[in-house]
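Going by the numbering used here, the sequence shown opens with residue 1, and the numbers climb by one from there.
No lab work stands behind these hints, which were simulated from the structure alone.
No residue lacks a Cβ here, since even glycine has one placed at the ideal position from N, Cα and C.
Check the hints yourself; a few may be wrong.
[What the hints assert, rightly or not] Pair by pair, the computed Cβ-Cβ distance ranges are: (1) Cys-386 / Ser-852: 53 to 63 Å; (2) Glu-806 / Ala-711: 38 to 48 Å; (3) Glu-548 / Lys-233: 32 to 42 Å; (4) Glu-806 / Thr-718: 27 to 37 Å; (5) Arg-235 / Asn-29: 33 to 43 Å; (6) Pro-99 / Arg-72: 19 to 29 Å; (7) Glu-1151 / Arg-960: 30 to 40 Å; (8) Arg-72 / Asp-228: 36 to 46 Å; (9) Ala-711 / Thr-797: 45 to 55 Å; (10) Ala-903 / Val-1154: 42 to 52 Å; (11) Thr-208 / Pro-371: 43 to 53 Å; (12) Pro-371 / Val-898: 37 to 47 Å.
[Claimed, not checked] Derived pair list, reagent style DMTMM-like, types lysine to aspartate or glutamate, alpha-carbon separation capped at 20 Å: (13) Lys-339 / Glu-293; (14) Lys-713 / Asp-816; (15) Lys-201 / Asp-119; (16) Lys-1084 / Asp-1147; (17) Lys-410 / Glu-474; (18) Lys-788 / Asp-816; (19) Lys-379 / Asp-816; (20) Lys-258 / Glu-273; (21) Lys-233 / Glu-273; (22) Lys-24 / Glu-66; (23) Lys-24 / Glu-54; (24) Lys-465 / Asp-286; (25) Lys-783 / Glu-793; (26) Lys-303 / Asp-334; (27) Lys-1130 / Glu-966.
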Amino acid sequence: MASETARPLIVGIGASAGGLEAFKSFFSNVPVDTGMAFVLVQHLSPDHESMLAELLGRVTELPVIEASDGNRVTPNCVFVIPPDATMTIGGGRLAIVKPAPPRDRRRPIDTFLQSLAEDQNENAICIILSGTGSDGTLGVAAIRDHGGLTLAQAEYDHHALPGMPQSAAASGQVDEVLAVEAMPARLVAYQTYLRDGAGAKDADGLRTDAVQHMTTIMGALRARSGHDFSEYKERTLVRRLQRRMQLLNIDTPANYIKHFRDKPDELDALFRELLIGVTQFFRDPDAFAALNEGVLKGLVGGKGAHETVRIWVAGCATGQEAYTLAILLCEAMDGQVSKPRIQIFATDIDDRAIAFARIGRFRRPIAGVSPERLERWFKPAGNDVCIDPAIREMCVFSTHSIIKDPPFSKLDLITCRNLLIYIDPTLQDRVMRSFHYALARGGRLFLGSSESVTRSARLFTATDKKYRIFERRETRELSFPDLPARRGVIETPPLPARRPEGAGIGASDRLEKTARRVMEKYNPPHVVIDRQHQILRFSAASMGRYLEPAPGAPDFALFAMLRKPLRTAVRALLQELQAGKAAVRQNNVPLRVDGHPHLVTLIAETIDDGEAIVLAFQDAGPAMSKDLVEQDGKLTSEAMRSLEQDLLTTRTQLLSTIDELEVASEEMKSSNEEYQSVNEELQSSNEELETSKEEMQSINEELQTINAEMASKNTQLTHLNSDIKNLLESTEIATLFLDASLRIKSFTRGVADIFSVRDTDIGRPITEIVGLLDYSDLQRDVKTVLRKLTITERRVTLNDDTMAFEMRIRPYRTVDNVIDGVVCTFLDITRREASEVAVRASESQFHAMAESIPQLAWIMDGDGYIFWYNRRWFEYTNTRLEEMQGWGWRRVHHPDEVDRVVAHLKHCISSGEVWEDTFPLRGADGQFRWFLSRAEPMRDETGKIVRWFGTNTDIEDQRRSEELRELLLKEMDHRVKNLFAIIGGVVTMSVRAATTPQELADTIRGRLGALADAHLLIRVRDHESARPLTLDILIKTILAPHIGAAGANDDARAVFAGPAVSIDGEAVTSLALLLHELATNAAKYGALSVTKGRLQISWTLDAKQLALEWRETGGPAIVGPPAHEGFGSKLARRAVNGQLGGELTFDWRVEGVVVRLSAAAERLLP
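Turn these sequences into a full structure, and let the hints guide you.
Dropping the structure here:
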């Protein structure tokens, strides 16, 4: 006991996708000293190293170890499965096998949990965390079956992906569904309960005080459920009772009895606990493959279309095994011309499991089912799949107990897998007799891997020992089992003195009758034995003188029970019979009885065509003493006389008796023959009646099963009809069902508004009913639909035109795809048409408004698909709707901006924020202009965005004005600084050239005046009132402050050459800025900074552009372009590129710089 209590609880935790966060949350709440061991099994990629141990080590103080082969599972440690491995546990040590199986057969969680259940029993705990699929479901069932605790992660948990936890919970094998954070506390509470109750358990962990209460508990359960579990194995009952007590935290069986008396529903939970509900499609694939090859293919191949293959699945649980057999049988009949009917009776005592099986709906993915079978035999139903109707029709599901209910009959196959291991041997024998009766000649029995027929070897012979497939043997056993359910059946009274009350009629009774006829001759004590010398029957007379049972287990071998002095003689008789004799005897075989010598006559005779032997023992009296008959070795005279007298008397009496016996014998023979003839006729009739009664009981049970299935289907049909009726009424669509002759089959209430029909009109032709429709072609349209099997749609109205309907006539197809009339639906579209008219008017007003605004307008749906643009958009972009709809608008966006715009728009669509952005769009001329785009979302009554209405406003001119204003501000700042520099330079140079103060003052005043004039010229914006400004005037005005500042001849320092070019008012500023910058730089550093410097400005003009060249010579030598472009140069370049639509280049020569300007003529000319 100490070793059992010292073992730590081992917690197996399975997870897949999303499992890391669940693991972290779990171990963040696990105390460091629980004494439990944790083993983590996760779906890992076989191609990558796992980081799980390292990641979990950051959130818990418990040691986290990647498992290796042979690791002992120790308390307060976490073991993690390595990648590409299968892990199991045995003897408290982990076993690692690499590589893991292929993905389609890899179920690492189930594999580990099943081994954990077998190794640890109630010390095992399993937890199923987040993950997709169904791995872990079978492992949960194994843990629960061995008495352990099972938990699953709640669906509402923010960590959970519901596939694996939901699959486990749906199996009914999970004890509790909890949030991850609550699980550690539940484990600690469970551990405390186990430790507190350890003293009441034996070395195997079973409570020693439960047995004494078991009769009370099983009696209450029998009264509640109607099922008797008293003949289940005691250890199984104790283990399941123990689990219920653990889950309820009840300390003693007596308190558990009080609990279910206060809460009778607990007995229902105990009933579910005792059921064996573990099942799976193609569970143990090798066994089903052997069954398919050895049995199923032969069954369907050996029967024709008018025959039936009958199968019984006993203990079917939720039906997967029954459906598996149906699938295999259908596959076996592929290509078979003459296919038999398949009838599978699937039974269980769990009515909830039977209800689930009848529905035939299972959660994906389904363990054990290949993708090919899944596609062929299952139909998608949301996240689930439903069994194919053809497979479903083969299976009849019913609640039935193999223990108390009569069996089915004439079956070809019975499958009863992993049920017999839970019941005791006596009940197993009874069930086996029931199966033997139910199977037809040559029928097969398919058992689980841990079950056998050793105790029933006389009834079944193995055809495949490895996979537990057995064949029915023909025996002389009672033909109908004595089931508890038969106690309520009126038995046929037995014939007097012929057989014991309640015994069955069969081969054994024939032996009895034959033996009885033989014994009428001898009437001694006797036994009936078979050819193997096994005793089949004892006579009513005492056999104590001749047989003596050996101590120990019962042994019915004749020579094991026969007294030793008789064995030699009996063996000699049996050898004579074996040599061919029909009857033999041996007289005066000596035997001591109560210490005195006796003589026995042995008689042996074969019966039942040599299949059995009657062995009789006839007492010949005590052996005579020599002292009574001899003196000196001779008979005395007195003895001789006495013997002679006795002999004479005996002879006389014998002759007389013989005469009387001969007469009586003749009379008796005649009477006996008549009696035997009548008796044999009565026996034969009674046997026929008994056989018929037994067959009727089996047929009655089969009918009850079918009736239960039909009642279930009728209930489903009633519910379905109610659903369909409510569905049709809720749609408020008038629906009329007609047969091919236009007779009314059914209709909904709305039809009364269209035709004057009542319930009594069902069956009448619709043409006889007064219609309110302005429509006379119904008969013609119905015939057209039936002939062409197409759908006809029409708009029809009432005679008074107050209502309009969308009429649709379509063929009525049965589930067997047979055309059986038509369905006419009349959808009231009166309001819809009125709404459509209003909508069209509203849309017309909207489009008129949208087409009249100057903006580019567009409409987008809730997913970002633009499906309408106004005319202004197409005029500007020169595109068509086919090019622009959806996301086609991206092609007219500037490539530098389009990705940002798309990202911003997607953000607004997902968040519902108001859309506003600025970006350039390419026009029909290929030039880009800037637009301000705005859009407001439009929502439905639920708040969902259904549409966006947006406009794009041209802001190119506004943007240019803003840029120009900014440019002018910057240029003004720059110009002021340069102006002061120029003034300083002018003053300096004037001082050098002037000879008198007056001359200096006049020179400075003139230069400053020229600067003022130039500045005034540049500032002027309104040229309409002034004479046109030409390029040469602008140039001379800008250069006036600089030319001749050093006293040189002005005309000699600067030369201008070019045609007269009038300049637009908006271009003056940009040109003046450029010329001012060039002149300032020339005056500071270039040709105008020295006396010998010269400047030549020339220009040409054509239809497209103005070309201007600024050439300096004679100035300071230039060694190369400046290292950095100055602010003024940047400002000038930006003005040329932006406002003039031109290009500016610099050629830095030693003798002086050459500047070339090209500008768009349309930007310059007024």
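Evaluated hints:
1. Cys-386 / Ser-852: 53 to 63 Å: Given about 58 Å between the Cβ atoms, the range holds.
2. Glu-806 / Ala-711: 38 to 48 Å: Hint holds: Cβ distance 41 Å, inside 38 to 48 Å.
3. Glu-548 / Lys-233: 32 to 42 Å: Cβ of Glu-548 to Cβ of Lys-233: about 35 Å, so the range 32 to 42 Å holds.
4. Glu-806 / Thr-718: 27 to 37 Å: Because 32 Å falls inside the window, the suggested range holds.
5. Arg-235 / Asn-29: 33 to 43 Å: Holds: the Cβ-Cβ distance is about 36 Å, inside 33 to 43 Å.
6. Pro-99 / Arg-72: 19 to 29 Å: 24 Å, holds
7. Glu-1151 / Arg-960: 30 to 40 Å: Given about 39 Å between the Cβ atoms, the range holds.
8. Arg-72 / Asp-228: 36 to 46 Å: 44 Å, holds
9. Ala-711 / Thr-797: 45 to 55 Å: 48 Å, holds
10. Ala-903 / Val-1154: 42 to 52 Å: 46 Å, holds
11. Thr-208 / Pro-371: 43 to 53 Å: 51 Å, holds
12. Pro-371 / Val-898: 37 to 47 Å: 44 Å, holds
13. Lys-339 / Glu-293: Status holds; Cα separation ~17 Å.
14. Lys-713 / Asp-816: Cα-Cα ~18 Å, so holds.
15. Lys-201 / Asp-119: The given pair, whose Cα atoms are some 18 Å apart, holds under the 20 Å limit.
16. Lys-1084 / Asp-1147: Since the Cα atoms of Lys-1084 and Asp-1147 sit roughly 18 Å apart, the hinted pair holds (cutoff 20 Å).
17. Lys-410 / Glu-474: The hint holds at about 14 Å.
18. Lys-788 / Asp-816: Measuring from Cα to Cα gives roughly 19 Å; hence the hint holds.
19. Lys-379 / Asp-816: Status holds; Cα separation ~17 Å.
20. Lys-258 / Glu-273: Cα-Cα ~19 Å, so holds.
21. Lys-233 / Glu-273: 14 Å, holds
22. Lys-24 / Glu-66: 16 Å, holds
23. Lys-24 / Glu-54: 12 Å, holds
24. Lys-465 / Asp-286: The hint holds at about 13 Å.
25. Lys-783 / Glu-793: The given pair, whose Cα atoms are some 14 Å apart, holds under the 20 Å limit.
26. Lys-303 / Asp-334: OK: Lys-303 and Asp-334 at ~14 Å, within 20 Å.
27. Lys-1130 / Glu-966: 14 Å, holds
In this structure, none of the earlier numbered hints is contradicted; all agree with it.
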